[in-house]
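Colleague: Listed here are the chains, written in short residue letters.
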Amino acid sequence: MTVVETAIVSGRIDRPVRQRGVIAAAFGLWRARIGAVIVVLLVGVAVFGPFLAPHGATEFVGPPNTNDVPGLLFGTDRLGQDVWSRFLLGGRTILVLAVVSTLIGLFVGMVIGLVAAYDRGRLDNVLMRAMDVVFAFPNLLLALVAVTTLGRRSWVIILIVAFTAVPRVARITRGAALGVVERDFIGAAEALGESRRHILGAEVLPNVAGPLLVEANLRLTYSIALIGALGFLGFGVGLNQPDWAQMINENRAALSTAPWGTLLPIFAIGLLTVGVGLIADGLGRAVAGIDRGRPS
Amino acid sequence: MSERSERTIDTASTRSERTIDTVSTQRHGAGDDGPALTIDGLRIDVTRSGEDIVDEVSLSIGAGEVLGLVGESGSGKTTVGLAVLGHSRKGASISTGRVEIGGYSMLGLSAVQLRLTRGALVSYVPQDPGTALNPALRIGKQLLEVLETHDFGGSDAARRARVDELMAEVLLPGTPQFLRRYPHQLSGGQQQRVGLAMAFACRPSVIVLDEPTTGLDVSTQAHVLDTVRGLCRTHGVAALYVTHDLAVVATLADRVAVMYAGRIVEEGPAAVLFDEPAHPYTRHLIAAVPDMTGDRGITGLPGRAPSPGHRPQGCSFAPRCEAATDECRTAFPSVQLVTIGHTVRCYHPMAPIAIREDLRPMARTIDPGADAALTLRGVSASYSGQTVVHDVNLHVGRGECLALVGESGSGKTTVSRSVGGLHREWTGEILMGSIALARSARDRPVEQRLRIQYVFQNPYSSLNPRRTIGESVGRPLVVGGSSSADARRLVGEMLERVSLTAAYAERYPDQLSGGERQRAAIARALVSKPEVLVCDEVTSALDVLVQAAIVDLLADLQSDLGLAMLFVTHNLPLVRSIADRTAVMADGRIVEVGPTEAVLTRPEQEYTRRLLADTPQINETHPAMTVPTGLHDDPALTVPAVAVPELDV
Amino acid sequence: MGIAKFVVRRLLLGVLTLFIVSIVVFALTQALGDPVRAILGREAQPESVLAKREELGLTRPVLTQYWNWLTGLVTGDPGTSFTNGVPVLDVLGDRIWNSLFLMAISAAVSIPISIAVGTFAAARRDKAFDSASSAGSLVLASMPEFVTGLLLIVLLATNVWQIFPAVVRIRPSEPPWVQPSALVLPVLTLTLGVIPYVSRVMRASMIEVLESDYIEMARLKGLPERTVVWRHALPNAIGPALQVIAINIAYLAGGVIVVENIFNYPGIGLALRDAVTDVNVPVVQFIAMLIAAIYVIVNLLADVGTILVTPRLRTGLR
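For the record, the sequence lines run as chains R, L and F.
If you read the first sequence in the working numbering, its first letter stands for residue 1, the second for the next number, and so on.
If you read the second sequence in the working numbering, its first letter stands for residue 297, the second for the next number, and so on.
If you read the third sequence in the working numbering, its first letter stands for residue 946, the second for the next number, and so on.
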């Protein structure tokens, strides 16, 4: 039986120190659980929706902007297409784009943050100043600027969204890594002459996994929001492709009379971002709780 | 005094007969109404589980008297200290008992009443002055604040005069410019003296000091202790001095109470207690404190104190006590009188314990002709261009231990880090045998790196929390090219060697205590069979019993393996137990070098002499009020406080 | 005079940042892609492409184009619109003020509310108000502004209740306060985007300060709770919060883009969308630089403010 020591540090009573993993701890909180349920549901809709759509995306099924057309759940949109089908088909784009761009941004930002934290010298300065420059810009604006001339292509959107994620990820990673890099076990590794890559990858990275996970989640929320905003403004990928954000834009005019074309995607995007946000919140609390549970 | 110096409020009844309805700024004189502070049967629990943190604590302190409350981490001493102010940390609550100051009960008071007493009737000096002073307020303001809140003096002019008075008492300049400083513009010693001034400001009856000299240099510490002693005597203030440092207690306290696992196990006059300790735990504690006169070595004690909820039935010390019998394991011993004023809670007081009588290190024959294992020639080191180490020349013979002693800022850690290849900005030569070492560890060939190993100060940060002990300890072997099977075997052997079992290899660092982690760190350093071992303040973050055990272990390993060891520390008495030779450093230079015995008993340099004089010694109970040696007030020598991480209650 | 030197240094840093931003903006719009192809489409005839290029002044070497543009920006002549040849400033003119007005009102409303909410939540930690505001903040912070805005429209303008107008019918030349009821929803949307962040950081900052050793010490000195909170805690809590407040004010500059498009508010956000659709490069570039400048200035003010509020940094400069 392993001995679990309750350390009394400076009169503060600490909880038993060996904790279950961050993920397990996070999902012990009801907020995160609700978030998880929501996300799973919506991701399910986005992924499996296309297989369940009763009609095609551009199939004409009835008079435009009519609510009660027999056989249709939510009526037609401005082009007479089935709102429900387009809704089921429209989740993939936003999800795929968001996930891919977040992953790219995460990876690049993580590397930059780790290198900067370890260097703590001139390279650190340069990298962080560069990040500051990107910070000097609202993300949506950058995306719009990029889309102006380069067009509304998937790769443009993915790269630009990833680009906006990089500085914040780098900042968070660097912040978390700074605390780790000063610790003596890094010194011990250096004394052994371990390569920089090994130290960053095997020694530092596992110790910043917590905050990084939280940040990854947050970034996903913002990526979805950004791609959604682009779509809403009319700059999503592909014309008339079923896409939740674009649907909002397309059907707005009929909001008072035939709201479902707008409402379904609004709820979907809103719930999705909130769900991911709840998970991020749960993770954040779990990470903070675990860090505080350690003796100095 | 104007009529505004007394304040009256309506009160609900409290447990004792006298209620707090006036808190006057008149002190209770010595002998007035009995002891200044009485604690009786105090019990404090963990709020959530009801487990006791401290129990059956009873003490009393007279006016002008200093009582040292001694214990290691987990003993509950800080919790008791806070309870004197009617305060408990988050998660703890005072459940029964009496705490009375001059007859007023401190427990069961309303928030308003409590506020009136704090600062005026009883005050607190915390451990870390750096965090206890508000960084956004000037120190003059923070001093005045205490006086204003308790309406001391009745007028602004009187209060300002009092501030000047206080600054003079703690030997700080009372100039307006100084008072306008912010806390971060003061050195650690100065910050602590401001803390003392704040505590004594309203002339309280009782003052609780919680390790106020942790992290201060020895000379600053000497001065702070003198100030405390002087202020208590002059103003008749009763002081409860909470600490783990027995040497400090020996020099400062009139009486001592020893705590173990939440209970007071022995209490008595300092001279008597140190001379003839009754409780086995006290005896072990004293045996573990390094003794500078060299009459004895230090002895550790394996195991650790039980935490709340894990305390056994019967005497909590029984599991570790060699004199324990069945009687000890059934019920906690009651209070017994040893002599007048000296009580103990033990079924076998004065039982002999096994301590090391011989002195370490044994005289070793070191071959003078052979190449020194480690040589430093003309080494100067700097940080970003600023030179901090000047022209250091040292050597460590094979199988020899050289202690490198100095206060914070002396450069000793810089030297040791340069040797280990962790600090790159140095010039000169560092030789291992006859081979010159490259500056950075990464530039050194693998075999070289494995032949010189490093043990860090902080056991809580020297092991990767996400790796098992086995992985961390075995890493040097993997780097050196061993197979994983070999590595596993060698790791197991090494863990046994440092008195951990091979099973520890599967555990994670946060499952180990500080002492165990340090042992693991030592195992990691030795697993590749190095020739040179650099130990950087490896016991500073550990309790005294653990420290003794670790030093013991290191000394054993060193002689068994024939290691050359560079032992860096600021704890001067400690070097006696491990070092053949000692080098003293100050301001980046080597001040004195020689056989340990000679340096400690017949120092040649003035600096060494002063350092020795300022170091509190455990066999010097109550020296005459010595004038501090003046190292600390030289503005050129004020250094910012060093935060020595200390696990403590 | 440490502070003055610091301010100057930060200013120079800000200018450098804007310079780099200008390079990025220019690269994305004129150097990396071809505006002419974007305007005319991929099947355009080579002759029309060339003609268009001449017309828009895109035949000169890239660096010259950049230089001309940059100097124009600094001297107050950010070029002419691609679509109708009118100078950019004339096209945007009043819209800039409209947007600034919207931002200002939103900041003035949201910041004080946020500070109050955050402080109150910290003081009544883990009680009803705190939990409720925390949950609310979480939801609001996660949702994109266009979702918030549209939900507000659905709730208050079109489908559930019809209290406020869904669209703003103000001509660019009119001052925006001509139709106050029309401003409510846009301001509300922006405010709801700011409150979650600023109130949370204010709460966190306050809580951390209230748990610190020197606050415990203040209580152990016997100071009344009000003094503890206002004189000891607050000055230490504001510093960290300032940075976030600044970021959020700057965020408003970006937030207006979406909000103006939701509510048809005649500001630069609306103009930007049209400009992007039309590939009206000079307009896009100018709006981008304008917003970037706002960001930089606000962040500079925040940095200076933080220094002034934190004595340790202030004295460290001398």
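Everything labelled a hint here was simulated from the structure, so no lab data went into it.
Incorrect hints may have been included.
Said to hold, decoys possible - Straight-line C-alpha distance at most 30 angstroms; calculated BS3-like pairs for lysine-lysine: (1) Lys1072/F x Lys386/L; (2) Lys386/L x Lys437/L; (3) Lys437/L x Lys997/F.
To be verified - Facing chain L, according to a computed beta carbon distance under 7 angstroms, are these residues of chain R, among others: (4) Asp68; (5) Ala130; (6) Asp132; (7) Arg183; (8) Phe185; (9) Ala191; (10) Leu192; (11) Gly193; (12) Asn207.
For each residue, glycine too, the CB sits at the ideal point set by N, CA and C.
Colleague: The structure should be examined with respect to each hint, and the outcome stated for every one.
Modeller: Now the hints, each set against the structure:
| no. | hint | verdict |
| --- | --- | --- |
| 1 | Lys1072/F x Lys386/L | holds, 17 angstroms |
| 2 | Lys386/L x Lys437/L | holds, 28 angstroms |
| 3 | Lys437/L x Lys997/F | violated, 72 angstroms |
| 4 | Asp68 | violated, 59 angstroms |
| 5 | Ala130 | violated, 23 angstroms |
| 6 | Asp132 | violated, 23 angstroms |
| 7 | Arg183 | holds, 4 angstroms |
| 8 | Phe185 | holds, 5 angstroms |
| 9 | Ala191 | holds, 5 angstroms |
| 10 | Leu192 | holds, 5 angstroms |
| 11 | Gly193 | holds, 5 angstroms |
| 12 | Asn207 | holds, 6 angstroms |
The structure is inconsistent with the numbered hints 3, 4, 5 and 6, although it conforms to all the rest.
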